[in-house]
Amino acid sequence: DQQVKQNSPSLSVQEGRISILNCDYTNSMFDYFLWYKKYPAEGPTFLISISSIKDKNEDGRFTVFLNKSAKHLSLHIVPSQPGDSAVYFCAARRTGKLIFGQGTTLQVKP
Amino acid sequence: NAGVTQTPKFRVLKTGQSMTLLCAQDMNHEYMYWYRQDPGMGLRLIHYSVGEGTTAKGEVPDGYNVSRLKKQNFLLGLESAAPSQTSVYFCASSLSSGGANEQYFGPGTRLTVT
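Line by line, the protein sequences are chains A and B. Per the numbering used here, the first sequence starts with residue 1, numbered consecutively. Per the numbering used here, the second sequence starts with residue 111, numbered consecutively.
Don't take every hint at face value.
Computed beta-carbon distance windows for the label pairs [to be verified]:
id: 1; chain 1: A; residue 1: ASN57; chain 2: B; residue 2: SER194; range: 48 to 54 Å
id: 2; chain 1: B; residue 1: THR196; chain 2: A; residue 2: SER12; range: 25 to 31 Å
id: 3; chain 1: B; residue 1: VAL122; chain 2: A; residue 2: HIS72; range: 40 to 46 Å
id: 4; chain 1: A; residue 1: LYS5; chain 2: B; residue 2: ASP136; range: 32 to 38 Å
List of simulated lysine-lysine pairs, DSSO-like, C-alpha gap at most 30 Å [claimed, not checked]:
id: 5; chain 1: A; residue 1: LYS56; chain 2: A; residue 2: LYS68
id: 6; chain 1: A; residue 1: LYS56; chain 2: A; residue 2: LYS71
id: 7; chain 1: A; residue 1: LYS97; chain 2: A; residue 2: LYS71
id: 8; chain 1: B; residue 1: LYS119; chain 2: A; residue 2: LYS97
id: 9; chain 1: B; residue 1: LYS119; chain 2: B; residue 2: LYS181
id: 10; chain 1: A; residue 1: LYS68; chain 2: A; residue 2: LYS37
id: 11; chain 1: A; residue 1: LYS54; chain 2: A; residue 2: LYS37
id: 12; chain 1: A; residue 1: LYS37; chain 2: B; residue 2: LYS181
id: 13; chain 1: A; residue 1: LYS71; chain 2: A; residue 2: LYS37
id: 14; chain 1: B; residue 1: LYS180; chain 2: B; residue 2: LYS167
id: 15; chain 1: B; residue 1: LYS167; chain 2: A; residue 2: LYS71
id: 16; chain 1: B; residue 1: LYS181; chain 2: B; residue 2: LYS167
id: 17; chain 1: A; residue 1: LYS54; chain 2: A; residue 2: LYS71
id: 18; chain 1: A; residue 1: LYS54; chain 2: A; residue 2: LYS97
id: 19; chain 1: A; residue 1: LYS71; chain 2: A; residue 2: LYS5
id: 20; chain 1: A; residue 1: LYS5; chain 2: A; residue 2: LYS56
id: 21; chain 1: A; residue 1: LYS109; chain 2: A; residue 2: LYS56
id: 22; chain 1: B; residue 1: LYS167; chain 2: B; residue 2: LYS124
id: 23; chain 1: B; residue 1: LYS181; chain 2: A; residue 2: LYS97
id: 24; chain 1: A; residue 1: LYS5; chain 2: A; residue 2: LYS109
id: 25; chain 1: A; residue 1: LYS37; chain 2: B; residue 2: LYS167
id: 26; chain 1: A; residue 1: LYS97; chain 2: B; residue 2: LYS180
id: 27; chain 1: A; residue 1: LYS37; chain 2: A; residue 2: LYS56
id: 28; chain 1: A; residue 1: LYS109; chain 2: A; residue 2: LYS37
id: 29; chain 1: A; residue 1: LYS97; chain 2: A; residue 2: LYS109
id: 30; chain 1: A; residue 1: LYS5; chain 2: B; residue 2: LYS119
id: 31; chain 1: A; residue 1: LYS97; chain 2: B; residue 2: LYS167
id: 32; chain 1: A; residue 1: LYS37; chain 2: B; residue 2: LYS119
id: 33; chain 1: A; residue 1: LYS68; chain 2: A; residue 2: LYS97
id: 34; chain 1: B; residue 1: LYS167; chain 2: A; residue 2: LYS5
Here are some of the chain A residues that sit facing chain B, going by a computed Cβ distance under 7 Å [stated by the list, open to error]:
id: 35; residue: TYR32
id: 36; residue: LEU34
id: 37; residue: PRO44
id: 38; residue: PHE46
id: 39; residue: SER49
id: 40; residue: ARG93
Source of the hints: derived by calculation from the structure; they are not laboratory data. What you are looking at is a predicted structure, and each value in this text was computed from that prediction instead of being measured. We treat Cβ as the ideally placed atom computed from N, Cα and C, and that holds for glycine.
With the sequences and hints as input, model every part of the structure.
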């Protein structure tokens, strides 16, 4: 039973355009949602989070949107840069523990 | 300030052998975690600790044991390695479980069991 799903294994966008990464969840008891970025041979690094009582959080080029009725969140990166090429994981928190999605590999082409 | 470090970076084991993975953090974090990452599966929580001397099971604890004798260290043990434990193991730490519970990850240990 996968409670957090990232249905797109990969995404390719042109430099300067918008990247939209999606994540769906099934458990309405999650209280926070987080996005992590991972480069090859490195550990994941925290990117941005959103509380379940909010619907949007922004940090520079990164914006996370939460649609609780659809149990869906998305990460927007504008404008995309080649250095954004990485694997992106969404994670949902419940009782202090994180449950991760499978990850989406983003490639930003120059 | 090294953050979260993991030892070793790579290891190859034969089935039935044992080993211990070491995680160390210098951020004075209370919470520490061990995850495994397998292709197409994301990260799955093995065990975690909410403070020195305490440990608890995560999503996939079978075949692993942990110990947190010092606040800064969290050890993951495999008593009798199996090929199904071939994976990349990540340690993480966080200040608390409040707020977004932002976790800081180590660089990972790639383990192959033959």
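Hints, verified against the model:
1. A:ASN57 <-> B:SER194: 48 to 54 Å: violated, 38 Å
2. B:THR196 <-> A:SER12: 25 to 31 Å: Cβ of THR196 (chain B) to Cβ of SER12 (chain A): about 30 Å, so the range 25 to 31 Å holds.
3. B:VAL122 <-> A:HIS72: 40 to 46 Å: holds, 41 Å
4. A:LYS5 <-> B:ASP136: 32 to 38 Å: At roughly 35 Å between Cβ atoms, ASP136 (chain B) and LYS5 (chain A) fall inside 32 to 38 Å, so the hint holds.
5. A:LYS56 <-> A:LYS68: Satisfied, since the Cα-Cα distance of roughly 11 Å is no more than 30 Å.
6. A:LYS56 <-> A:LYS71: Holds, at about 14 Å.
7. A:LYS97 <-> A:LYS71: Measuring from Cα to Cα gives roughly 19 Å; hence the hint holds.
8. B:LYS119 <-> A:LYS97: holds, 25 Å
9. B:LYS119 <-> B:LYS181: holds, 22 Å
10. A:LYS68 <-> A:LYS37: Holds - the C-alpha atoms of LYS37 (chain A) and LYS68 (chain A) are around 23 Å apart, at most 30 Å.
11. A:LYS54 <-> A:LYS37: holds, 22 Å
12. A:LYS37 <-> B:LYS181: At roughly 27 Å apart (the allowed maximum being 30 Å), LYS181 (chain B) and LYS37 (chain A) satisfy the hint.
13. A:LYS71 <-> A:LYS37: Holds. LYS71 (chain A) to LYS37 (chain A) sits at ~21 Å (cutoff 30 Å).
14. B:LYS180 <-> B:LYS167: Between LYS180 (chain B) and LYS167 (chain B) the Cα gap is close to 18 Å, so the pair holds against 30 Å.
15. B:LYS167 <-> A:LYS71: holds, 27 Å
16. B:LYS181 <-> B:LYS167: Roughly 18 Å separates the two Cα atoms, so the pair holds.
17. A:LYS54 <-> A:LYS71: Cα-Cα ~13 Å, so holds.
18. A:LYS54 <-> A:LYS97: holds, 20 Å
19. A:LYS71 <-> A:LYS5: holds, 11 Å
20. A:LYS5 <-> A:LYS56: OK: LYS5 (chain A) and LYS56 (chain A) at ~20 Å, within 30 Å.
21. A:LYS109 <-> A:LYS56: holds, 27 Å
22. B:LYS167 <-> B:LYS124: holds, 25 Å
23. B:LYS181 <-> A:LYS97: Holds. LYS181 (chain B) to LYS97 (chain A) sits at ~19 Å (cutoff 30 Å).
24. A:LYS5 <-> A:LYS109: holds, 25 Å
25. A:LYS37 <-> B:LYS167: Cα-Cα ~26 Å, so holds.
26. A:LYS97 <-> B:LYS180: holds, 21 Å
27. A:LYS37 <-> A:LYS56: Given pair LYS37 (chain A), LYS56 (chain A) holds - Cα atoms ~19 Å apart, limit 30 Å.
28. A:LYS109 <-> A:LYS37: holds, 17 Å
29. A:LYS97 <-> A:LYS109: Given pair LYS97 (chain A), LYS109 (chain A) is violated - Cα atoms ~35 Å apart, limit 30 Å.
30. A:LYS5 <-> B:LYS119: holds, 29 Å
31. A:LYS97 <-> B:LYS167: holds, 11 Å
32. A:LYS37 <-> B:LYS119: holds, 20 Å
33. A:LYS68 <-> A:LYS97: holds, 20 Å
34. B:LYS167 <-> A:LYS5: With a Cα-Cα distance of about 23 Å, the restraint between LYS167 (chain B) and LYS5 (chain A) holds, given a limit of 30 Å.
35. TYR32: holds, 5 Å
36. LEU34: Hint on LEU34 (chain A): holds, closest Cβ of chain B at ~6 Å, below 7 Å.
37. PRO44: Nearest chain B Cβ about 5 Å off; hint holds.
38. PHE46: Hint on PHE46 (chain A): holds, closest Cβ of chain B at ~5 Å, below 7 Å.
39. SER49: For SER49 (chain A), the interface hint holds, since the closest Cβ of chain B sits about 4 Å away, which is under 7 Å.
40. ARG93: Constraint on ARG93 (chain A) satisfied, holds at 5 Å.
The structure is inconsistent with the numbered hints 1 and 29, although it conforms to all the rest.
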